[in-house]
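So the protein lines, in turn, are chains V and S. Just so we're aligned: the first sequence equals residues 1 to 181 in the working numbering. Just so we're aligned: the second sequence equals residues 1 to 401 in the working numbering.
These are computed hints drawn from the structure, not numbers from a lab. There could be a bad hint or two in this list.
Which chain V residues stay away from chain S? Per the calculated CB distances, all over 10 Å, these [to be verified]:
hint, residue
1, PRO61
2, GLN74
3, CYS122
Derived coverage of chain V by chain S (criterion: at least 3 residues anywhere in the stretch with Cβ under 8 Å from a Cβ of chain S; other residues may be distant) [what the hints assert, rightly or not]:
hint, region
4, 52-58
5, 170-177
Ideal placement from N, C-alpha and C gives every residue a C-beta, glycine not left out.
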Amino acid sequence: MSFFLSLLLTTQAVALPGDEAVPPVDWARQLGIEEEQRDPATGEFPVAPYRQSNANAGATPVGGNRLADQFGGQAGIRDVTDRLVAISLEDPRISATFKGHDMVRLRRTLFEQVCYLLNAGCDYSGRDMQSAHRDMGLQMDDLNALVENLQQAMREKRIPFSSQNRLLAKLAPMKNDVVQP
Amino acid sequence: MAEHQRNLLFTGRTYLGGMQCIRSILSGLFSLVAATLGLLPTPALAQSLIYDPAVFTLEPTAMQIEAPHRSAPTREFAADSVALEEGGMTMVDAPARPNEPLAAYAALPPPPPSIDRNMAQADAPAVDQGRSYGGLRWGGKLRLTNGVATLDGASGGGLAGWAVIAGRETVEGIGGSAHLTFAELPDYNWQSHGAAIGLFNRLELSYARQNLDLIDVGAALGLGRSYVLNQDVFGAKLRLFGDAVYGEPWVPQLSAGVQYKNNLDEAVTRFVGAKSSDGTDFYLAATKILLAQSTLVNATLRYTKANQLGLLGFGGDRSDDRSVQFEGSVGYMLSRNLVLGAEYRTKPDNLGIAEENDWLDIYAAWSFGDHITFTAAYVDLGTIAIADEQRGALLSLQAAF
Ligand code: HEM
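Could you build the full structure based on these sequences and the hints that come with them?
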């Protein structure tokens with residue numbers, strides 16, 4: 001009985017009616033062999049479509065402008081997030097994780113996210129934290145390393161420690177979306 | 001034969017007094033040096049003892065600076081399938097790309113694990129710090145989040161136990177620590193040392209040796225001047241759930257622990273009226289770092305009948321039952337290397353002839369680099385045996401890997 005059933009299933013799978021409609025798989029592109037082109041305007045590689053929303057930032061913004069001011073507004077925040085990316089790319093603990101990813105896009109989305117969370121007048125246009133970090137196999141010490149780098153970037157901008165922690169407080173609950181269970 | 005040896009029936013132990021104290025200090029120092037030097041698994045770790053790793057960076061290689069192409073099909077698949085699940089997606093600053101039918105994905109072989117961390121590390125620049133060792137990863141905890149050794153040897157804040165697990169490891173590794181603690185009080189000198197292992201930031205196994213030099217109280221009790229009380233404490237602590245740093249602020253790290261304490265001066269514990277010279281404490285600890293407030297809070301419930309941690313035995317004429325005691329701590333983080341705080345610890349009061357008070361302290365904990373933590377505290381231990389107003393200083397040094 002089960003033999004016939006499996007036979008039935010196999011034949012069905014082979015003789016799928018809509019089979020001709022399926023375009024041949026572009027193996028080169030699927031395997032990333034073909035180089036994609038950076039967008040001439042933004043300098044970013046294209047990404048798969050997703051629904052844009054500030055909710056993707058993973059937390060709600062802080063109230064008031066005090067924190068944004070302490071970070072030096074949008075310009076200060078950009079310094080911090082650019083520096084975070086730069087430090088992390090040089091950090092032997094986690095640099096390999098960033099290899100092959102679009103750093104132009106990461107710099108932009110990371111800036112937008114922090115700017116949004118600190119209520120400094122941005123919208124977040126990136127992906128949500130879970131799909132952005134899925135399958136990267138990130139572990140707790142990767143996250144701690146990134147937090148240390150963020151602390152260093154903020155320290156270099158002489159942001160008060162208590163203000164640093166208010167940003168970290170917004171990021172800390174995202175751990176479960178970023179780190180493998 | 002010295003007078004104190006006639007007064008008390010000693011059970012095979014010889015009196016060493018000051019000598020014993022010096023010996024235990026030396027062995028404490030030894031375990032500290034061993035922890036800082038001998039047990040460090042790699043030269044890179046030893047290097048980070050000297051350099052602050054956050055400042056210590058290596059020359060970037062060209063490859064690290066810019067990603068020349070996308071070599072990450074795994075992630076692309078994932079992102080694509082999300083988009084397909086959700087439907088109704090918008091295109092974002094990207095050229096139009098047709099949605100492949102699901103069948104195309106079903107037909108694909110498992111994607112190459114190019115973002116798998118082992119692969120990624122294999123083709124990473126040759127600057128691997130040797131963190132991964134036999135599948136385990138060393139270190140990785142944020143500074144000070146391993147706490148400092150309490151007098152009982154478990155990790156915490158000095159007097160109060162916390163829910164944190166010893167060592168610098170995260171859930172992926174094994175860590176450990178060794179400590180040496182001194183307290184100088186008007187009528188006593190405290191010295192303790194010990195070590196702890198942290199397994200996967202889940203289980204902590206600890207040992208501490210406590211030595212209390214009775215100085216003149218020893219003579220007053222007929223034990224001899226500078227008689228030293230000794231106790232071994234074996235502890236285990238299991239993190240039940242939660243994370244002290246991450247996750248929602250209202251979900252603390254919760255741990256349950258047990259401590260078996262074996263007082264080595266049975267004759268003295270009997271002399272002061274304790275019912276037993278060994279005993280077991282059970283405790284439940286909740287710890288959270290409230291990042292938005294830069295504040296650490298801890299609350300611990302301990303079920304115990306130890307008199308002065310057990311140094312005066314367990315149970316007594318007033319009560320021989322365990323009672324629930326409270327340990328609370330707060331700490332304000334001034335920087336990632338410095339915490340100032342206060343603690344309060346309630347204690348049982350089982351002995352009629354030796355009143356016991358609650359303890360409190362005000363502490364500062366500094367981290368020097370990733371591995372060394374120095375704690376200084378003002379402690380008020382109230383009345384201990386026949387001497388009251390025991391206020392003084394506590395100093396503790398901890399090395400962790
Ligand atoms: C709470 C912590 C974290 C936050 C808030 C965060 C934030 C972000 C953001 C906003 C993006 C861009 C999403 C997009 O492209 O639409 C991103 C992508 C990325 N993140 Fe994170 N991240 C965190 C943790 C980490 C950690 C620990 C690592 C690795 C050590 C990491 C590595 C990456 C990489 C490689 C990308 C690029 C993904 C891609 O190109 O598809 N992130 N992250």
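Status of the hints after comparison with the structure:
no. : hint    : in the structure
1   : PRO61   : holds, 13 Å
2   : GLN74   : holds, 19 Å
3   : CYS122  : holds, 16 Å
4   : 52-58   : violated (count 1)
5   : 170-177 : holds (count 4)
Comparing the model with each earlier hint shows a violation of hint 4 alone; every other hint is respected.
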